[in-house]
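Chain L: place on chain S using the hints.
Line by line, the protein sequences are chains S and L. Going from the first sequence to this note's numbering is simple: count from 1 and add 1090. Going from the second sequence to this note's numbering is simple: count from 1 and add 1090.
Do not take every clue at face value.
Because identical chains cannot be distinguished in the list, a pair is counted as satisfied if it fits within a single copy or across any two copies.
[Stated by the list, open to error] Here are the simulated DSS-like cross-link-like pairs (lysine-lysine), alpha carbons at most 30 Å apart as the crow flies:
1) LYS1184 <-> LYS1275
2) LYS1164 <-> LYS1205
3) LYS1253 <-> LYS1275
4) LYS1217 <-> LYS1136
5) LYS1184 <-> LYS1329
6) LYS1275 <-> LYS1217
7) LYS1189 <-> LYS1275
8) LYS1233 <-> LYS1189
9) LYS1329 <-> LYS1275
10) LYS1164 <-> LYS1217
11) LYS1139 <-> LYS1217
12) LYS1184 <-> LYS1139
13) LYS1205 <-> LYS1217
14) LYS1233 <-> LYS1173
15) LYS1326 <-> LYS1309
16) LYS1136 <-> LYS1173
17) LYS1309 <-> LYS1253
18) LYS1309 <-> LYS1173
19) LYS1329 <-> LYS1205
20) LYS1173 <-> LYS1217
21) LYS1189 <-> LYS1217
22) LYS1217 <-> LYS1166
23) LYS1184 <-> LYS1233
24) LYS1189 <-> LYS1329
25) LYS1309 <-> LYS1184
26) LYS1205 <-> LYS1253
No lab work stands behind these hints, which were simulated from the structure alone.
Protein chains: 2
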Amino acid sequence: MQTSTEIKEERNIKLIIEYDGTNYHGWQRQPNAISVQQTIEQVLNKITKQRICIIGAGRTDSGVHACGQVANFKTKCSIPIEKVPNALNSILPKDIIIKDAVLAAEEFHARYAAKGKKYSYIINHTKFPSAFRRNLEYHYPQKLDIEGINNAMQIFIGSHDFKGFMSTGGEIRETIRTIFNFDLKQEEERLIFEISGNGFLYNMVRIIIGTLIDVGRRKINISDIQEALIKGDRSKAGKTAPPQGLYLEEVYY
Amino acid sequence: MQTSTEIKEERNIKLIIEYDGTNYHGWQRQPNAISVQQTIEQVLNKITKQRICIIGAGRTDSGVHACGQVANFKTKCSIPIEKVPNALNSILPKDIIIKDAVLAAEEFHARYAAKGKKYSYIINHTKFPSAFRRNLEYHYPQKLDIEGINNAMQIFIGSHDFKGFMSTGGEIRETIRTIFNFDLKQEEERLIFEISGNGFLYNMVRIIIGTLIDVGRRKINISDIQEALIKGDRSKAGKTAPPQGLYLEEVYY
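Isolated chain S (complex conformation) (with noise of 0.2 Å):
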């Protein structure tokens, strides 16, 4: 009889997970400091019985929160798919859920199969912060020029070389990234934007919301964005937003 670690075809296990970053150094295990993955791994070891590396479709740094990451790891262990989530949930943090787990293809790939992804990046635009969301969006108490932020946002999308928006410290490569939509809801006095593209540089979005604010408050016109995009300089955007407000949503494939 097989008992549930001896089953000998391996399985690609994709999870869909949601998670609140506050606590976490990001999303990639690091010496040091408690990262998600490594959180999720420890219990997949322990569940698994196995050492199992997961591959995370994007990399969100410490304090930025996901509704839908993305993740795969292979194993032998036999565990029922549709019993993944709970398995998961039941022994870690209540910070991290696994909204979902499906059989993927052998050669599936968290990483290299995405063909885009949706962040979204949230900021509470009333008088006093929230004690419920403190950790979960950002407080931007000041007038911003809503009209002139939508205009600005037209620019970005479409096909661009955003070299101009990237902090230092990515991977860089290519730079150039295709924005599919951009949008802005006013939800009660929340600013809710939501942005996909086919990728992203590292900490692009937070610089996009940042230049975004600073057009809000008129420090940053049109053509200063334009000359960014063109000339890929930095400094002609705006500050880096901070992370507590970004969340990836979804993950194309």
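Then chain L, alone, in the frame of chain S:
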């Protein structure tokens, strides 16, 4: 010349307070545990250079939240009233926010003057708990008979003896209370209960919600509730729902 602490007249200041109760042992000051009241008092002592005692409208339990807790305190400190919120918020931990401060009549007492209160209770009714709202709602994934819950809610409206819907440990005096309104909204897959009344016994809202969950599970029916109300029999009502779903929304004066 007067300095800020030399003013002679004592002012009565009314605060509107929002807090995430997760990290506090409730509102009320107590030995060997951190309360919201004590946390605010310590900041006020620092700002006013006096020993301040604040009076809260309601004593929320450990893990219970507030959007509109009201408190008052008397001080000879001359800090301009419009600067009070920011002065406190700049020192308070981020899970407590002073949303407003106004001058109140000398005799105003946040607790005795209260004519009623409104609470809300949030149930997350989806398959998985939210990583973001893990301390801000009660995750209850099982199927619930919403129509049954709505019908049972009507029974609580009006004046009743709520002795059967009270935990021991409160100051037991008169147990008749009047419920003004009791509504249930469904937003996405959350159930948001809103209940207002002239007063609430200890744990009364949480026991009513726990009872309604049992109605939704078809373990308690309307005649059980009527019996609990008429006989004051705590054993006929449901369990006390957990604290993290409960919010003190508003205090009426």
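Status of the hints after comparison with the structure:
no.: 1; hint: LYS1184 <-> LYS1275; result: both (29 Å within a copy, 26 Å between copies)
no.: 2; hint: LYS1164 <-> LYS1205; result: within (21 Å within a copy, 62 Å between copies)
no.: 3; hint: LYS1253 <-> LYS1275; result: within (27 Å within a copy, 47 Å between copies)
no.: 4; hint: LYS1217 <-> LYS1136; result: between (46 Å within a copy, 24 Å between copies)
no.: 5; hint: LYS1184 <-> LYS1329; result: between (32 Å within a copy, 23 Å between copies)
no.: 6; hint: LYS1275 <-> LYS1217; result: both (19 Å within a copy, 27 Å between copies)
no.: 7; hint: LYS1189 <-> LYS1275; result: both (25 Å within a copy, 25 Å between copies)
no.: 8; hint: LYS1233 <-> LYS1189; result: between (37 Å within a copy, 19 Å between copies)
no.: 9; hint: LYS1329 <-> LYS1275; result: within (22 Å within a copy, 40 Å between copies)
no.: 10; hint: LYS1164 <-> LYS1217; result: between (48 Å within a copy, 26 Å between copies)
no.: 11; hint: LYS1139 <-> LYS1217; result: between (51 Å within a copy, 27 Å between copies)
no.: 12; hint: LYS1184 <-> LYS1139; result: within (22 Å within a copy, 41 Å between copies)
no.: 13; hint: LYS1205 <-> LYS1217; result: between (39 Å within a copy, 28 Å between copies)
no.: 14; hint: LYS1233 <-> LYS1173; result: between (49 Å within a copy, 19 Å between copies)
no.: 15; hint: LYS1326 <-> LYS1309; result: within (11 Å within a copy, 64 Å between copies)
no.: 16; hint: LYS1136 <-> LYS1173; result: within (15 Å within a copy, 54 Å between copies)
no.: 17; hint: LYS1309 <-> LYS1253; result: within (21 Å within a copy, 62 Å between copies)
no.: 18; hint: LYS1309 <-> LYS1173; result: between (52 Å within a copy, 28 Å between copies)
no.: 19; hint: LYS1329 <-> LYS1205; result: within (28 Å within a copy, 49 Å between copies)
no.: 20; hint: LYS1173 <-> LYS1217; result: between (45 Å within a copy, 13 Å between copies)
no.: 21; hint: LYS1189 <-> LYS1217; result: between (34 Å within a copy, 9 Å between copies)
no.: 22; hint: LYS1217 <-> LYS1166; result: between (54 Å within a copy, 27 Å between copies)
no.: 23; hint: LYS1184 <-> LYS1233; result: between (36 Å within a copy, 22 Å between copies)
no.: 24; hint: LYS1189 <-> LYS1329; result: between (33 Å within a copy, 29 Å between copies)
no.: 25; hint: LYS1309 <-> LYS1184; result: between (41 Å within a copy, 29 Å between copies)
no.: 26; hint: LYS1205 <-> LYS1253; result: within (20 Å within a copy, 61 Å between copies)
Against the hints set out earlier in the document, no violation occurs for any number.
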